[in-house]
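Chains as they are written, first to last, in this note's numbering: chain A, 1 to 641; chain B, 1001 to 1101; chain C, 2001 to 2517; chain D, 3001 to 3502.
These are calculated hints, taken from the structure and not from any lab test. A couple of the hints might just be wrong.
[Stated by the list, open to error] Simulated pairs of lysine to any residue, SDA-like, Cα-Cα distance not exceeding 25 Å: (1) A:Lys-591 <-> D:Arg-3359; (2) C:Lys-2469 <-> A:Gly-193; (3) A:Lys-209 <-> A:Lys-111; (4) A:Lys-605 <-> B:Met-1024; (5) D:Lys-3381 <-> C:Glu-2360; (6) A:Lys-160 <-> C:Gly-2376; (7) A:Lys-605 <-> B:Gly-1004; (8) B:Lys-1100 <-> D:Asp-3374; (9) A:Lys-605 <-> B:Leu-1031; (10) A:Lys-605 <-> B:Phe-1064; (11) D:Lys-3441 <-> A:Tyr-550; (12) C:Lys-2025 <-> D:Val-3291; (13) B:Lys-1100 <-> D:Val-3291; (14) B:Lys-1100 <-> A:Thr-588; (15) C:Lys-2428 <-> A:Lys-209; (16) A:Lys-440 <-> A:Val-555; (17) A:Lys-556 <-> C:Glu-2360; (18) D:Lys-3381 <-> C:Lys-2437; (19) B:Lys-1100 <-> D:Arg-3161; (20) B:Lys-1100 <-> D:Asp-3456; (21) C:Lys-2103 <-> D:Pro-3364; (22) A:Lys-111 <-> C:Lys-2437; (23) D:Lys-3381 <-> C:Leu-2153; (24) C:Lys-2428 <-> A:Lys-591; (25) C:Lys-2428 <-> A:Val-564; (26) A:Lys-605 <-> B:Asn-1041; (27) A:Lys-160 <-> C:Lys-2428; (28) A:Lys-591 <-> D:Leu-3430; (29) C:Lys-2429 <-> A:Val-564; (30) D:Lys-3449 <-> A:Tyr-550; (31) C:Lys-2428 <-> A:Thr-587.
Single-letter residue listing:
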Amino acid sequence: MELYLYLALFAPLAGSLFAALFGASPRIKIAGIVPSFLLFVSFLSSTVLLSYILSGGEAVHVEMMTWMATGNLYIPFGFVVDQVSVTMMMVVTLVSTVVHIYSIGYMDHDKGFNRFFSYLSAFVFSMMVLVMSDNFAGLFIGWEGVGLCSWLLIGFWYHKESATWAANEAFIMNRIADLGMLIGIFLVYWNTGTLQYNQAFAAMPNLDKEILTWMGIFLFIGAMGKSAQFPLHTWLADAMEGPTPVSALIHAATMVTAGVYLVVRANPLFDLIPNVGLFIASLGAFVALFAASMALVNRDMKRIIAYSTLSQLGYMFVAAGLGAYWVALFHLMAHAFFKALLFLGAGNVMHAMHDELDPFKMGGLRKAMKWTFIMMTLASVALAGIYPFAGFFSKDLILEVAFVENHYIIYSVLLFTAGLTAFYSFRLVALIFHGEERYKLFGIHPHEAYKFMLIAMSPLLILAVIAGSMKMTYFEMIVNLLPNHEYHIHSHLTFWIMTIGTQLFVIAAIAFAYKKYANSNVKVPDGTSKIENCLYYKVLSNQYYIPYAYEEYLVKPYRELSSVLWRHVDMKVVDATVDGIANIIYTTGEKTRDMQSGNLSTMLKWMVAGTVGLLSLAVVFGLAVRYSGEIKLFLSGLGVQ
Amino acid sequence: MEIGLNHYLVLSTILFAIGLIGVMRRKNLLLLFFATEILLNSVNIAFAAISHYYGDLTGQMFAFFVIAIAASEVAVGLGLLIVWHKRHGNIDLDYMSTMKG
Amino acid sequence: MLDHILSILIFFPALAAMFGFIIHKDSIRAYGVVVATIEFALSLWLWFAFDSNVSGMQFMEQLPLVPAFGINYILGVDGVSLFIIILAAFFTMIGIASLTDTKDVKNMIITLLFLQMTMAGVFVALDAIVFYIFWELSLVPMLYIIGAWGGPLRIYASVKFFLYTFAGSLVMLVGMLFMAYFYYQATGAWSFAILDWYRLILPESFQLWLFVAFFIGFAIKVPMFPFHTWLPYAHGQAPTIGSVILAAILLKMGTYAFIRFSLPMFPDASVFFMFPIAILAIIMIIYTAMVAYAQEDVKQVVAYSSVSHMGVIILGTFALNVEGISGSIFLMIAHGVVSGALFLLVGVIYDRRHTKMMNEFGGLASVMPRYATIFGLMMMASVGMPLTINFVGEFLSLLGFYQQSHILTLLAGTAIIVGAIYMLAAYKKMFFGVVTKEENKNLSDVNSRELIALVPLAIITVWLGIYPKPILEPINKSVESIVQLMHDKSTTQEAKSRIPNLIKGVEITRTSSEEAH
Amino acid sequence: MLAPVNVSLESLNLMTLSPMLIPIIGALLILVIDVIKSGLDKTLYVVLSLLFLFMDFSSLIESAGIFTQDGTIMGVFDVMLIDGLAILSQFIIVGASMLFIPLALTHKRFHEFSYPEFFALFLFMIAGFQFMVATDNLILVFVGLETSSLALYTLIAMHNRDKSFEAAVKYFTMGALAAGFYSFGAMVFYALTGSVELNQIATVLAANQYVDIGYVLVGVVFMLASFGFKLSIVPFHTWAPDVYEGASASMAGFMSIVPKIAAFVVAMRIFEFLIHSGVVWLEVILYIFVVITMTAANIWALVQTDVKRMLAYSSISHAGFVMAAILIGTTQANSALFLYWILFSFTNLGSFSMLWISRQKHLPDHQRSDHSYDKFAGMIKTAPIAGTIMALFMLSLAGIPPFALFWGKLYLISSAVTGGYTVLAIIMALNSAIAGYYYLKLIVYIFMKEPVVGNDGHIYASNATMSLKYIIGFAAIGTIFAFLAINPLLEFITSFVYNSGY
């Protein structure tokens, strides 16, 4: 088994390095094919491991070598394949294989082709490290690694200012969260004396509540960054500057779910601190709604999908926060499939539209791109959670969890959000594929994507459709590791009411979306229509002015403070003091050197003056000694001691 | 009244003071040398008086040495003075301040 | 020969430099490379001969110098100093090898060899006065390098560098004399031997004053926050090779001295001053990082960034536990490698464009891909990306200090944020975007001579990031002994509680590692 | 009738005089030779005086041997006093003079050396200094002082340029005043104690517990004034820079070493017993003097534009630095004084000789003074070796280890530390930091500036001959390898100082 583990882990790295060999040279197909193949290998070995685990095998645990060892600290490169990590491995390898193959076509004409694949495979490797590591430090390696790769990939088209800006934003925001993560790790170490999951979690129950709470909070802060939870969410939308496959892989399927993974992985900890869990859940619910609302009015295809991702992450955190870890993980998996599909579809559309992103400028594309149309529609259906698609099983499960755990507010928020989700996804579909062929105005001649790209996407399609049916098998497997709460609404009646109610609500939302956007009189908005000028629209389309606020009240002040510190504090105060001392000494010299007038009689005067001065001092002293008695008397008369 | 040691000492001190003032005030090199001579001689008076008072000869010996040295000083001093006068045609202190700072 | 390897390490380059005067200036570079390589080989040999299971000093040498006054020529090396010595030899080697064509290259190379002597001397000296001799002597070649090959403000910069450090170290000298005097009072014999001083237990009040005296000397060298302003000038004006060695080795003298002198001699004072110094360190980290962000000259960015990193080193040192101190020592090496490489990289672009202003560049990534890649790697190392050399050091330092104070560590941890901010901003300005300036359109990528220096550094950066064990283990051994010494020597209750007692600590390491296996 | 004087020669113990007599005889001999046949070449006189100085030195070694056996020796009606201090200081005096004399063998002709009187006077001067240090009788001190000073004035004047006459006159006048002060001070002590022998003065004063401290202080003040002049203690220092500038570089170097050590020894004899008998006032005053002298002189040296003048101020500052030893007054301090001065004489003589060999007859117009800084600009390019050596001396003066003067500073500051003068120690340290600046300034000119156009570097050795080069090389080697000599020197000095009760 270890062989497969290493294979799964290091094949992507090999692929990345292979592609890197051609980094500087012009694009060459092999640089794309080999990594894709190696990823497929990694995927296969993950499958082997999965089957091994499914067949009730022990978790595979290897320790490759020591990383850091000093004092009491001992950190190995250790990897573990258990139910949780294998799930993630499957998701990661599968989606990334698909994305790789897809990218061969998508990046076809890009001169950074080779570079792209080396980054992409590097990302997969870091992700694998993240999910397979058996200790917090290893997790952190992957954690930072994926951050680095996402920086590279968001800024892939580095000549675009917006792209590089987004890349840096993403990196720095993640760094803010990583600090929390780091502190969390320190807390774990100094309180449990180790960073190994098993030992640390074993030690935790004996620690006192407060410390655990802090641990939970700080670790979760880390998770918030990667999973773009409020208030660190702005980078995700901007990250859409990267190539679409990247968005599909990193910003939909894998990296952003790392936060969820962390919470799931640390379930023994979070079980001990339900109040933090509740906070996580509430935040998740809030983000779900918050993100969905922003998706409603957005006019950028990819950003819409990004916000839906954000919103779905919210769902996952609700589940994780409420202790339904396996549910969270399940939704994570399902979501990965259909969301990646959605993104890749969007990629096709972009290609067809020559990187046009505004759905209002498209319309009626279904004739031109039949397959893409079908795939995106089905993906959206899955996302909306219509029976029997993947979304239904995973998402409604979360609703049930919320209900069963008696968090009715969260429940209703999520329910409402489900409606919004359906609405905006189908708003998108309708705008792109139905109605007038508005793109004609812009003289674009769309064409369907390469066959092999579509074929590459098909596994995702299939999974998006059928993933739900695996629920029970999955449950069987996962409960070996995670707390096995079955969530059943006790009265069948309520259950059916809820399910059907939800379905109806969702379908209604879809219908409304179609009605509004699929008809022929949709125009390209020009900022004049009434709705665009109403307050809510403005607030939503400006993402609640949060990016603006960050720019105004954080970035700018930081920049200005920096330059003040440099120009005024460092130069004018700290340095000036040093030079000042030197100057004072020097100028004293300049001023007093006239004492050396060179005139002999002045010199003599100095000598005599010196002597006389001393003399007077001597006399004073002498008298003082002689008449010390009297002086004492006098002073005591004055009352001086 | 009878002239005691203190009178001599006071006298020598006064002379010394005069000498000092001369040293400070004189701009003329020659007079300056005189002033220094006054200094030394004032001390001689005191030495003589004290040695008489103590009744041992050390003081007077010192005085003789001082006289001798004063003489040689004058020799050297005048030598320098003459050379200076040859070169510059004056013996005024204010003219010898080419080096300063 | 192994018995005197340390003396050889010190005086071989000096001797070679002497002979260097004879050699014709066309072939001097080759000569310099050869000598430096031999020196480096010697240092490597030292490493292989070094027994990493011994915590104490090794390869000790002792000759009487001024026995009447307790000054002896004592050398020795332990895990703390070993790798800095190797690093110094290494940088001298690649520095000379990658030296771009300068005027009077002969003087430059001879000076570098002398500098190598002083650097080796500082780190192997076990007698305060011998240490002081090399400490001061190292100023002179650097003064010359900055002043003779520097930029327009070179004289101001070099004199400032010299006088500032000189003034500081004179105060330190007074401290040393006091230390020797106390030793004399205690034992009736003069001694400047550090190992003797280790045995001397001083009352806290004395420790405080002595600590301050030493601190001034070291803090200026490091340089710590209010004393740091000579550094940007020195770096800004120095030629590439000067900045490289200054950043990579000379700054480490200060932090090394903290570990060699302040901690073991004044444990109570170290505890007493721990928080003030930690706060200074945090100011260094955040403040200089912000200043770096405001810079327009890329070299200044790197210069300020090294001040910022030195802050982390100081913090790790004053964690006063094994994790922190070994972390800080490791970070010394790491920062040496990374900042050295960064300065080399800045030099590369400076040689091509004769400017260091970032707004002169932009879009270099497309013009000089290899350059951009190496720069990117080093930048990521400097912002502490895991699996690069810096991360190990920063992680351990912060981890160590976390035991002493949570909130301060949280503040210091912002290093990873602010560091990312200025570094990424600088990188963006230089490499991203489209090429605007005409003269940037056809810059040549890094040539082989530059790669000679950069590739090894890149390899080390990654290698030690993934597998720090070979360095971390010897360091750990020596640090454990130092910490134990501090614990045993400390008199105040505070200190006893702050400085861990390892006798049990060592047990835990073993058991925990076994469990993990 | 006075009783007939009968004294046994043994009790006179004439050998105590021999070190002083040798140079006197030498001087007379030179004069006689000149009378017999004039116009002989200077080399003859140089070698002759060197010979006599050698003999002097060897006789010193002999008396040193005697001292180590049976301690302090009195002689000649107990006027002579050969103790450790005397021997050590004479070693320095004679040694330094031996290094100085060959500097007369310059490449260019300087007209003072063509007079045999020059060498005669020189030897007389040496004898004078030796008398100064080898007695505790105020009269003899006075005689020695004046003999040497008068000779010195003349020697300076013999350099025969306007500036040197001005210097001589200034020095002479102020010297006369100082002589007045000295004699007055001596008179006061004599009046108080009826004796002019320091040890007796000490005993008498101690006997009556310094009842009339006021008068003692008056005496002390005048002594301070006169020795302050000799040692160029601020504010009695004003002559120093001008005289150094006026005198020839070699003579300036000589003046910065020999007269001062003589004065130091006498000052040590006079002031130490006072300090040790707890005259607080003197301690305070000395403290102030020391601090002001080293600091102020440093600050003035910063702003000089002429290297020689800078060196003048720097040696004032060094004098103040060493004065601290007298203030501290422990055995360690006093030995530190001698150690410091030996090392200082090497370095300083070296640096002044460097100026001496670069002495031009006629100044180019860009040069305002004989040794302005810009004269040395870019020296490393035009005359690398000379430049390096010059820089070496500067580093040594700045106290950069391991060069000579560092060890002196080290030991002296250490003595301040052990003597309990913590603040003083720190002030001394910081002062060496300030001093660093102006020494560095010259190094900056040598190494970092471009040479002035038309300066092809020959000026730096324009005046050099083999013998001068030897002297400089000797000084340079002494400066570099001082650390080998420190230990024996220290042991030697300490034993001598200790055995003579200081």
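### Given hint Met-1024 (chain B) paired with Lys-605 (chain A) - CA-CA distance at most 25 Å
It holds: about 5 Å lies between the C-alpha atoms, which stays within 25 Å.
### Message
Would the hint linking Lys-160 (chain A) and Gly-2376 (chain C) be met if the CA-CA limit is 25 Å?
### Response
holds, 18 Å
### Query
Do the alpha carbons of Lys-2428 (chain C) and Lys-591 (chain A) lie within 25 Å of each other, as the hint requires?
With Cα atoms ~51 Å apart, Lys-2428 (chain C) and Lys-591 (chain A) exceed 25 Å; violated.
### Query
Holds or violated: Lys-209 (chain A) with Lys-111 (chain A), Cα cutoff 25 Å?
Measuring from Cα to Cα gives roughly 55 Å; hence the hint is violated.
#### Entry: Distance restraint between Lys-1100 (chain B) and Arg-3161 (chain D), which requires alpha-carbon spacing of 25 Å or less
holds, 17 Å
### Query
Given the hint that Lys-3441 (chain D) pairs with Tyr-550 (chain A), does the C-alpha gap stay at or below 25 Å?
violated, 52 Å
#### Entry: Straight-line alpha-carbon gap Lys-1100 (chain B) to Thr-588 (chain A), limit 25 Å
Holds, because 17 Å separates the two Cα atoms, which is no more than 25 Å.
### Task
Sort out whether Asp-3374 (chain D) lies within 25 Å of Lys-1100 (chain B), counting only the CA atoms.
holds, 19 Å
### Message
Lys-2428 (chain C) and Lys-209 (chain A) were given as a pair; does the straight-line alpha-carbon distance stay at or below 25 Å?
### Response
violated, 44 Å
### Task
Could you grab the alpha-carbon distance between Lys-605 (chain A) and Gly-1004 (chain B) and see if it respects the 25 Å cut-off?
Not OK: Lys-605 (chain A) and Gly-1004 (chain B) at ~33 Å, beyond 25 Å, violated.
### Query
Lys-1100 (chain B) and Asp-3456 (chain D): Cα distance at most 25 Å?
Roughly 31 Å between the alpha carbons, so the hint for Lys-1100 (chain B) and Asp-3456 (chain D) is violated.
### Query
Regarding the pair Lys-2103 (chain C) and Pro-3364 (chain D), is the alpha-carbon distance no greater than 25 Å?
It is violated: about 29 Å lies between the C-alpha atoms, which goes past 25 Å.
In terms of the numbered hints stated before, the structure departs from hints 1, 3, 5, 7, 10, 11, 12, 15, 16, 18, 20, 21, 24, 30 and 31, listed from lowest to highest.
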